[in-house]
Amino acid sequence: MTPQRGANLQAVFNKILNMAVAGALAKDQMVRRMCVLRDMAFDGWTGGEAWASEHDVIRKRFAAEGFAALEVVF
1 MTPQRGANLQ AVFNKILNMA VAGALAKDQM VRRMCVLRDM AFDGWTGGEA
51 WASEHDVIRK RFAAEGFAAL EVVF
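Here the sequence shown stands for residues 1 to 74, where the numbers follow full-length UniProt numbering.
Just so you know, these hints were derived from the structure itself, not from any lab.
Note that this is a predicted model, so its numbers are computed, not measured.
Calculated pairs, EDC-like style, for lysine to aspartate or glutamate (alpha carbon to alpha carbon, straight line, at most 16 angstroms):
| hint | residue 1 | residue 2 |
| --- | --- | --- |
| 1 | K60 | E71 |
| 2 | K15 | E65 |
| 3 | K27 | E65 |
Ranges between beta-carbon positions, derived for each pair:
| hint | residue 1 | residue 2 | range |
| --- | --- | --- | --- |
| 4 | L37 | N14 | 17 to 23 angstroms |
| 5 | D28 | A64 | 17 to 23 angstroms |
| 6 | D56 | R32 | 14 to 20 angstroms |
For every residue, glycine included, the Cβ atom is placed at its ideal position computed from N, Cα and C.
Construct the complete structure from the given sequences, taking the supplied hints into account.
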């Protein structure tokens, strides 16, 4: 596997949501906050859409499964 540069936060959100749904996680047990800690420069969200657009997509995906979107702390 070739290491990838940068952080793919979209993939992190997807993994969290997919695991919560697959594990039938109770709504009150869902992670509420995600802290992003990096020892290098932050390259951006995913290289695609602006943060507001990307966050809206994530918020809608979480809402469709009955969860609130996570708060992200950089």
